[in-house]
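**Q** Letter by letter, the chains look like this.
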Amino acid sequence: MRGEHGPAVEVEGLEKRYPKAPVNAVDGVTFAVERGEVFGLLGPNGAGKTTTIGVLTTRVKLTGGVARVGGIDVSRDPVRARTQLAVVPQRTNLDRSLSIRQNLIFHAAYHRVPAAERNRRADELLELFGLTDRGDDKPDYISGGQSQRIMIARAMMHTPQVLFLDEPSTGLDPAARLFVWDRIRDLRDRGTTIVITTHDMDEAATLTERVGIMDRGELLALDRPEALTRGLPGKTTLEIALAGADGNLDAAVAALERLDGVEQLERLEQSDGHIRLYVAGDAPLMVAPVAGALSGFGITLSDVKIGEPSLEDVFINLTGRALR
Amino acid sequence: MSAPAIRDTRTSAPGVFMAVLWRDIFVTGRELPVFLAQVILQPLFMLFVFGKVLSNLGYTRPGYAHLLFPGIVALTALLTSLQSTALPLVLEFSFTKEIEDRLLAPIPTALVAVEKMIFAAMRALIAAACMFPIGVLILGSVPWRAAGAPEFCVILILGALVGSAMGLTMGTLVPPNRISIAFSLVLTPLLFTGCSQYPWPTLDSLRWFQVVTLFNPLTYVSEGMRGALVPHVPHIRPWVCVLALVFWLAAFSAIGTWGFIRRAID
Chain A
41 MRGEHGPAVE
51 VEGLEKRYPK
61 APVNAVDGVT
71 FAVERGEVFG
81 LLGPNGAGKT
91 TTIGVLTTRV
101 KLTGGVARVG
111 GIDVSRDPVR
121 ARTQLAVVPQ
131 RTNLDRSLSI
141 RQNLIFHAAY
151 HRVPAAERNR
161 RADELLELFG
171 LTDRGDDKPD
181 YISGGQSQRI
191 MIARAMMHTP
201 QVLFLDEPST
211 GLDPAARLFV
221 WDRIRDLRDR
231 GTTIVITTHD
241 MDEAATLTER
251 VGIMDRGELL
261 ALDRPEALTR
271 GLPGKTTLEI
281 ALAGADGNLD
291 AAVAALERLD
301 GVEQLERLEQ
311 SDGHIRLYVA
321 GDAPLMVAPV
331 AGALSGFGIT
341 LSDVKIGEPS
351 LEDVFINLTG
361 RALR
Chain B
99 MSAPAIRDTR
109 TSAPGVFMAV
119 LWRDIFVTGR
129 ELPVFLAQVI
139 LQPLFMLFVF
149 GKVLSNLGYT
159 RPGYAHLLFP
169 GIVALTALLT
179 SLQSTALPLV
189 LEFSFTKEIE
199 DRLLAPIPTA
209 LVAVEKMIFA
219 AMRALIAAAC
229 MFPIGVLILG
239 SVPWRAAGAP
249 EFCVILILGA
259 LVGSAMGLTM
269 GTLVPPNRIS
279 IAFSLVLTPL
289 LFTGCSQYPW
299 PTLDSLRWFQ
309 VVTLFNPLTY
319 VSEGMRGALV
329 PHVPHIRPWV
339 CVLALVFWLA
349 AFSAIGTWGF
359 IRRAID
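Residue numbers (my numbering), protein chains in the order written: chain A, 41 to 364; chain B, 99 to 364.
If you're looking for bench data, these hints aren't it; they were derived computationally from the structure.
Even for Gly, the Cβ is constructed at its ideal location relative to N, Cα and C.
Mixed in with the good hints there might be a few duds.
Calculated Cβ distances over 10 Å to all of chain B for the following chain A residues [unchecked claim]:
| no. | residue |
| --- | --- |
| 1 | ASP67 |
| 2 | PRO129 |
| 3 | ASN143 |
| 4 | LEU166 |
| 5 | GLY175 |
| 6 | ALA216 |
| 7 | PHE219 |
| 8 | LEU262 |
| 9 | LEU272 |
| 10 | THR276 |
| 11 | ALA333 |
| 12 | GLU352 |
| 13 | LEU358 |
Have a look at the derived ranges for each label pair, beta carbon to beta carbon [stated by the list, open to error]:
| no. | chain 1 | residue 1 | chain 2 | residue 2 | range |
| --- | --- | --- | --- | --- | --- |
| 14 | B | ILE279 | A | ASP229 | 38 to 44 Å |
| 15 | B | PHE146 | A | SER139 | 36 to 42 Å |
| 16 | B | ILE255 | A | GLU258 | 51 to 57 Å |
Let the sequences and hints guide you as you build the complete structure.
**A** Okay, structure coming up:
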């Protein structure tokens, strides 16, 4: 067994087909997460991210391939695999018959943490998550952000090697989201391996060290966020809005596509006169040639935006569809 | 808390099991009065109306109360444990999801189902024990034989376990949106075809109904209780009751555990 030195999470040719489903929910996914890494699975709803996490956390039975957490095969030895991992689900599943502190304490008891240690860790984690004065409250009437924090604190009670977070900031307000992100970084700094799923490209870009892009059960790309965006056809983008285009827009667009340095052109859905150009060189230097080309058609620029490509662009490039 | 060291991955099923059981005991312990009111009210009224009111009015023969009492203890045990597994499971699996944290404990999933059964059976034993002081209060006296105590205990424990296995089956196989319909369709027939209000052998004159009652596990608990507490009343032989209850327990706990695992793991 390579549990102690190998990757924290390993997935090889993972397949999951639900009974009676026409296609695989997860279809031949392979990746590995190194120890201490923050790893993201990015994709739209239904991409297979949650199913992948379900398999890794022993709640979904795989129908093909291998999945290991902490070196332990989750389908062969789910009981031992559970000692290595913790899960923070999308929807709250806190025990509503217990206080917040008791939620933490009982979780540790289920994982055989000795009594004195349970209390010490509960105090420490309640403090870290800013919950010390809420410890005796029932989790009934708390906000989504707080229940997210409690669930992360609870997950850490048995010091898992790998923490899985399913859509950690969905439904949170911006402040709560930043707080959760900071705590996730804290946990990483303590050496915990973190796997998150998200359909939020900002979250993937700012929080994760490597990101796997999933769609329709398949892993389409896997790399550091910067590397993924750098691999796009154009390094940077120029978003332009056009004024004065009457009927000759198509011709103007064709002319822009022929311009030197324009690698790809995308007509944004919002309005016909709104175009995104992926350019090879420095985007600012392209403004003048673009304006020149358009003036031949009597069209002027009404707005110009220069942008670095985002993971959203990577997703669009891979699938031809927007992320949401 | 430092960086997680290489963890000792050994797991201790009994230890984890006890922690999971302790959670349920802890939660119920704090709500004991509510719990008791919940499970004792129905048998209390049955005992009062059938054992006291009807007999005072002269509608039942003398001695009927003592024939009824073992049946009410049986009914209390079986229905309490059935309701103690079925309803919480429906809520925990479908709405609160709060069982998930225990499903992720390092213990085989089937043992979480067994814990639910054991805990429900414990509740049922407490409820059944409460029927004795209540019986004394309402009826003036209740039948008890020291010689029947071992048989009484065996039947009571088996009855409680069969009830919790039936609850496990219902709670995991009935879709959550139908559970209240299922309860009303199952509970009332269960209540009245289980021989708790009449001894089985005396049903000779109502042959078809006598056959129907054989399919209700409660029949064997009621009859076994009568054999232990009021042996002069005609009853099904104890060994038949024990055998039948073991059969129902095996059948329902197998189906219930299968249903539980199906709900727990996709």
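**Q** Indicate, hint by hint, whether the structure satisfies it.
**A** Verification of the hints:
With a cut of 10 Å on Cβ distances, ASP67/A stays outside the contact zone with chain B, its closest approach being about 16 Å. Interface exclusion of PRO129/A from chain B breaks down, the closest Cβ pair being 7 Å apart, not more than 10 Å. A cut-off of 10 Å between C-beta atoms contradicts the statement that ASN143/A is not in contact with chain B; the least separation is 8 Å. For LEU166/A, the non-interface assignment is confirmed: its Cβ lies about 12 Å from the closest Cβ of chain B, beyond the 10 Å cut-off.
A cut-off of 10 Å between C-beta atoms confirms that GLY175/A is not in contact with chain B; the least separation is 16 Å. The beta carbon of ALA216/A sits about 21 Å from the closest Cβ of chain B, which is more than 10 Å, so the claim that it is off the interface holds. In this structure PHE219/A is separated from chain B by more than 10 Å, as the shortest Cβ-Cβ distance comes to about 19 Å. Distance check for LEU262/A against chain B: the nearest CB is about 25 Å away, which clears 10 Å, and the non-interface claim stands.
LEU272/A, annotated as away from the interface, keeps every beta carbon of chain B farther than 10 Å; the closest lies near 36 Å. Non-interface status of THR276/A relative to chain B is upheld: no Cβ of that chain comes within 10 Å, the nearest being about 39 Å off. At roughly 55 Å, the least C-beta separation between ALA333/A and chain B is larger than 10 Å, which holds for a residue marked as non-interface. Distance check on GLU352/A: its Cβ is at least 30 Å (rounded) from any Cβ of chain B, clearing the 10 Å threshold; non-interface status holds.
Every CB of chain B is more than 10 Å from the CB of LEU358/A (nearest about 27 Å), matching its label as outside the interface. Separated by about 53 Å at the C-beta atoms, ILE279/B and ASP229/A break the suggested range of 38 to 44 Å. A C-beta distance of roughly 39 Å is found between PHE146/B and SER139/A, which places it inside the suggested range of 36 to 42 Å. A hinted range of 51 to 57 Å for the beta carbons of ILE255/B and GLU258/A is consistent with their spacing of about 54 Å.
Of the numbered hints given earlier, the model fails hints 2, 3, 14; all others are met.
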